[in-house]
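Fit chain B to the known structure of chain A by using the hints.
Below are the chains, spelled out letter by letter.
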Amino acid sequence: MDNLYQETIMNHGHNPLNFGKPKNIGHSIEQFNPLCGDKIILYSTNDDSANFMFESVSCVICKASASMMTMTINDLDFNERVSLIESIITGIKEGNINNNDLSKDLLCLNQIVNYPSRINCALLPWQTAHDLIRNHIDE
Amino acid sequence: MDEKTKNPFELNRVRENFPILDQDINGSKLIYFDNAASTQKPSRVIKSIKQYYESDHSNVHRGVHSLSIRATESYEKSRRVISSYINAKHEHEVIHTKGTTEAINLVAQSISDQIKENDEILISAMEHHSNIVPWQELCKRTGACLKVIPINEAGEINLDEMNRLISSKTRIISITHVSNTLGTINPIKKIINLAKSVDALTLIDGAQAAAHMRIDVQDIDCDFYVFSGHKLYGPTGTGVLYGKEEILNSLNPYQYGGEMILKVTFDETTYNSLPHKFEAGTPNIAGAIGLMHAIEYLKEIDFDSAIDHEMTVHDYALKQLKLLPNLKIVGAAKDKSSIISFTIGELHPHDVGTILNQKAVAVRTGHHCTMPLMDFYQIPGTIRASFSFYNSKEEVDVLISALEIATEMLS
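Protein sequence lines correspond, in order, to chains A and B. Position 84, counted from 1, in the first sequence is what the working numbering calls 84; the numbers after and before it change by one each time, with no gaps. Add 139 to the 1-based position in the second sequence for the working numbering, that's all there is to it.
Here chain A stands alone, though its shape is the one from the complex (with noise of 0.2 Å):
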C-alpha cells in the first residue's frame, strides 16, 4: 500500500502541477473513466509551445498521473509527444516505464500495475491527451 500512495503520488495528487484553465486555450478535450465516474478536461495552449493544462473532479492517482503528464509532455518538442504517451501507457500497464531520460517521478507510476482497478485511473490522462493530439492538434 506504501507503495502507491507514497510521497511522489501524494505530492503531485494534492498539488497538481498545470493544473487550471488556460486562458488561451487553443484545444480541449473532456473525458471520463466510465467505471467511476472520474472526468478529466485537458486544454493546450493557443500559442507555438502548446502546453498542455488540464481540470479534473479525480482520485489522487488519476491526478497525479495529469500533473506528471503536464510536466513531461510540456517538455517536449511537438512530434516526440505521440510516441512517448504512446510509451508510457504501455508502461503503465505493464509496470515497465525505464526511460532514463524522462522524470523519476514517472517511476511511481510503475506500482499501479499490482492495483488493477486503479489502472484506469492513471491511463486516463494519458488516454485523453493521446485523443487531444490525434483529434485536434495534428490536424
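It is worth saying that the hints were derived from the structure and are not from the lab. You may find that some hints are simply not true.
Okay, derived cross-link-like pairs now, BS3-like style, lysine-lysine, Cα gap no bigger than 27 Å in a straight line [claimed, not checked]: (1) Lys237/B / Lys189/B; (2) Lys329/B / Lys228/B; (3) Lys216/B / Lys228/B; (4) Lys498/B / Lys93/A; (5) Lys39/A / Lys467/B; (6) Lys255/B / Lys308/B.
Only chain B this time, still in chain A's reference frame:
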C-alpha cells in the same frame, strides 16, 4: 415459512455456512461489506450446483429420460419455491431471467406495442441505470416521454411532486423498492395506489429488497416485481420477473426460439403459454436450482431474526460512522435498509476504497450506477458499506479504524 425448520439466529453458526468469509486478504481477515453489489453464497447453494451437474444434468422439458425428468422437476420446483417466497398467486407468474436488468429490459421491450407517442413513463431520481436506460430506449422507440419524480435531500421520493406528475398519460411507473445507493425504502404501496388511480402499470425493482425484507407481491399489488438471484445469496446469472398473469399474457415475447413455442411451421408460429413464452432457449438450470436452495437456506436460518441482526449491525455502523470527522452520510431517509453511503471531506472514494482493501475491508466506491443521483448530490461518488446478516459489529469496528487510517494517509 415452515416454522418447524427454523433455528434461532446464531452469527457464528451462520458464518460457517459461508466458506468464502473464512479467508485472509492482504494479511487480514476478510470483512465483506459489499453485499448490495452481490451477496456471498452459503455452502448449500454451492453444493446444490455441484450435485446438479454431477448427478442430474440434462436439458429441461420435452425429455423422456430420467435425467431430463429430474432436471425439469428441479427447475420447476425452483419456480414454485420462488413463487412461494414472494407469495405470487400463480407459479406461472414467475419468469426465470438472468437478473434484474434482463427482467426490466424484458418488460420494456415486450410492452412496446402498448405504448404510443406522448404516453408518459415515470421513474424516480434515485433509480439504478438499469431502471432508467431501458425506459429511455422505449421512449425513443415509441415517442413516449420519460418523467422523473424528484427526491428530497434525505433521499426520499417527493410524493406531492409525484401527484403533480402523474396523469391520464402515465402508462408505467417503475420505481426501486430500495435504493442501491442510499438504502431508502420507498413507500411502494402508496406509489402503487397512486398509479392505480390513473390505471398506470407498476414495476417495482426489488434488486435491493428481496434479500432484506419479506416480499408479498399480492399484498403490494404491483403489476411487475423484479429481482436478482445473486443479491439473494443465489448464483449469478439468475433473476426473476414476477408479473400478473393477465398482464404477462398481454405482452409480446421477449426472445424467440426453442421452449417458447407451441407449434412452428415456415408460415406461422404459435407461442407457448406462461411462463415458457418468456423463457426462450435452454435456461440457466443450475442457477435456478441454486437460487431455490438460497431461498430454502433463508428459511432454515429464520429470515426475520437474520434481518433483525443485519439491521443491528447497520444501526451500529451508522452511529460509529457519524462520529468520524468530516464524514457525511449521503441519504438519511426515515425508512432505510442496510446500506450506508458516505463521503469523507474531499477524499476521493476510490482512494479510500483502495486503502480499505489493504485492510481487507471490501466496500464499493463510485457512482453505484446511479449517475443522476450523484449529480443531484453534486458528488462524483460515495463510499458504500452494505450489510448482510453474516456481518458483525466487530467488523464495523475494523471498518472505522481502517477509515481513520485512510483519512490520515490521504489528507
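Problem - Numbered hints the structure breaks, given as an ascending list - result: none
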